[in-house]
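Read off the chains here:
Protein chains: 2
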Amino acid sequence: MRIAVVAPSCPLTREAAGTVEAIVAERGDCELSIHPQCFLADGHFAGPDEARLAALREVMADTSVDAIWFARGGYGSNRIAEAALVDLPEAARGKTYMGYSDAGFLLAGLHKAGLDAAWGPMPQDVLRDGGDTAVHRALNWLVLRDTSALEPHLQDPAMAFNLTVLSNLLGTPLEPDFTGVDLLIEDVSEHLYRIDRTMFHVAASATIRKVACLRLGRVNGVVPNDVEFGTDEVAIVADWCARAGIEFGGRADIGHDARNRVVPFARH
Amino acid sequence: MRIAVVAPSCPLTREAAGTVEAIVAERGDCELSIHPQCFLADGHFAGPDEARLAALREVMADTSVDAIWFARGGYGSNRIAEAALVDLPEAARGKTYMGYSDAGFLLAGLHKAGLDAAWGPMPQDVLRDGGDTAVHRALNWLVLRDTSALEPHLQDPAMAFNLTVLSNLLGTPLEPDFTGVDLLIEDVSEHLYRIDRTMFHVAASATIRKVACLRLGRVNGVVPNDVEFGTDEVAIVADWCARAGIEFGGRADIGHDARNRVVPFARH
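One line per chain: the protein sequences are A and B, in this order. Heads up: the first sequence begins at 1 in our numbering, then just goes up one per residue. Heads up: the second sequence begins at 1 in our numbering, then just goes up one per residue.
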């Protein structure tokens with residue numbers, strides 16, 4: 001099992017890379033190939049669009065690569081996602097693509113193109129409290145298809161997205177078909193009024209209204225309102241689901257933290 | 001000319017209300033009726049949804065009211081906009097509706113329903129530096145149809161939106177037809193990476209791609225990125241316009257400040 005790491009959004013830190021390489025060496029059940037593009041920096045991004053796209057296209061076309069693991073989130077994968085999916089090489093199929101947060105733009109497009117996308121922890125997560133567990137969980141899915149890595153209440157088919165990313169991919173060429181999907185959402189570092197506004201937008205979408213149910217992961221690091229918003233994220237999501245006729249399925253075990261579980265988009 | 005003030009988003013302050021009332025008294029060319037709902041508070045909002053909706057519906061149906069002026073932005077008009085437009089009373093027609101920022105959700109829906117919506121300064125703006133000028137500008141349009149209040153390079157038909165609000169109303173029942181429109185956008189208190197992500201979303205919209213051109217107002221109070229984003233708001237908007245085949249028309253004289261000009265959505 002050979003896993004290639006590329007960074008379509010923000011750069012991977014050397015510290016995270018070294019720690020993950022040590023974990024992989026100790027496991028001995030896979031080989032990790034961290035693309036040098038992961039360490040580029042161009043303003044906010046892990047190198048310019050061209051470099052991030054070229055690295056991704058390179059590992060997608062590499063027949064020796066079994067899985068592609070996105071290094072970290074941040075922002076930027078949407079800038080290259082459409083181009084990454086043009087004239088897909090045959091070798092791009094049969095690989096698993098894993099990441100979350102901003103990588104959701106790519107997961108959506110890859111899944112829509114028929115490739116095997118999965119929400120799950122990323123290499124940069126190793127620096128979180130308990131991050132080694134998160135990295136093992138991701139590898140346990142990629143290498144061993146260990147079902148204990150999965151979000152425990154998944155109903156096939158399932159998808160998971162950062163809510164803000166989901167909102168921003170609706171109506172774009174990356175938007176997948178949500179019909180019948182167990183849709184898991186989470187968010188991080190947002191004001192509750194933004195969560196409410198984003199749920200208004202997402203719940204109005206005709207395709208989102210076709211999900212089997214919507215479940216809420218953790219909303220971490222809520223930014224305080226200058227006036228208390230007056231309700232919480234569970235009430236917000238349940239309210240917009242009720243207004244839109246979407247089944248609210250309760251909580252989900254995903255989020256921007258080390259406990260984040262794996263959600264394969266393909267049936268498993 | 002009788003102008004009713006209601007607050008579909010956040011509460012109006014007593015200080016702003018008093019200052020605007022004094023300006024109106026001094027002008028002597030119109031009558032201002034500040035609805036008591038403007039001073040309600042329910043968490044983040046100027047009263048619960050029901051109270052904000054009821055006040056808006058009341059002044060829409062009031063035949064003695066010639067114009068409806070939204071008190072301030074913040075967040076919340078989207079929560080009542082659809083309901084405000086159901087079974088429109090005949091008296092709702094022939095009035096001008098003015099506001100900006102979060103009120104854009106209402107302006108979009110009102111314009112779509114054939115009513116006379118206009119982007120322009122709001123009562124709460126009076127507390128900004130130079131805010132009395134902004135309030136006079138709004139009143140000069142509402143009362144006198146003074147064209148010097150208008151954004152100086154408008155091409156009929158025109159619309160103006162806060163970019164984040166625009167992004168969140170796409171795909172909802174509030175989305176108007178942008179075909180052939182001189183579309184002005186602005187934003188406030190956002191990170192540049194968010195402006196970039198929102199432009200990705202907006203520029204991908206099939207209906208936005210039908211605008212005559214897109215022009216950029218001021219992007220005030222940009223929140224610093226932890227890493228410099230590496231470009232600015234003009235380059236960001238021009239870039240997404242170029243990618244999407246949208247004509248970028250340069251700058252526009254609107255923004256979250258006292259210089260904010262009026263943009264009538266109806267032909268003028």
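A few of these clues could be false.
Beta-carbon label-pair distances, calculated as ranges [claimed, not checked]: (1) D87/A - D146/B: 53 to 63 angstroms; (2) F248/B - S189/A: 57 to 67 angstroms; (3) H191/A - L127/B: 18 to 28 angstroms; (4) F39/B - D146/A: 37 to 47 angstroms.
Listed next, the stretches of chain B that the computed footprint assigns to chain A, with coverage defined by at least 3 CB atoms under 8 angstroms from CB atoms of chain A [unchecked claim]: (5) 37-51; (6) 92-100; (7) 169-177; (8) 209-215.
Simulated from the structure, these hints should not be mistaken for lab results. C-beta: ideal position from N, C-alpha, C; glycine also.
Results for each hint:
1. Remark: the range hint 53 to 63 angstroms for D87/A to D146/B is upheld by a beta-carbon distance near 57 angstroms.
2. The hinted range of 57 to 67 angstroms is not satisfied by F248/B and S189/A, whose Cβ atoms lie roughly 30 angstroms apart.
3. Between H191/A and L127/B the Cβ separation comes to about 22 angstroms, which falls inside the hinted range of 18 to 28 angstroms.
4. Between F39/B and D146/A, the C-beta spacing of about 58 angstroms breaks the proposed range 37 to 47 angstroms.
5. Judged by the Cβ-Cβ criterion of 8 angstroms, the segment 37-51 of chain B is covered by chain A as claimed, because 5 of its residues qualify and three suffice.
6. Residues of the segment 92-100 of chain B with a Cβ under 8 angstroms from some Cβ of chain A number 0, which does not satisfy the need for three, so the listed coverage is violated.
7. Under the rule that three or more residues need a Cβ within less than 8 angstroms of chain A, the assignment of the segment 169-177 of chain B holds, with 5 such residues.
8. With 0 residues carrying a beta carbon less than 8 angstroms from a beta carbon of chain A, the segment 209-215 of chain B misses the three-residue requirement, and the given coverage is violated.
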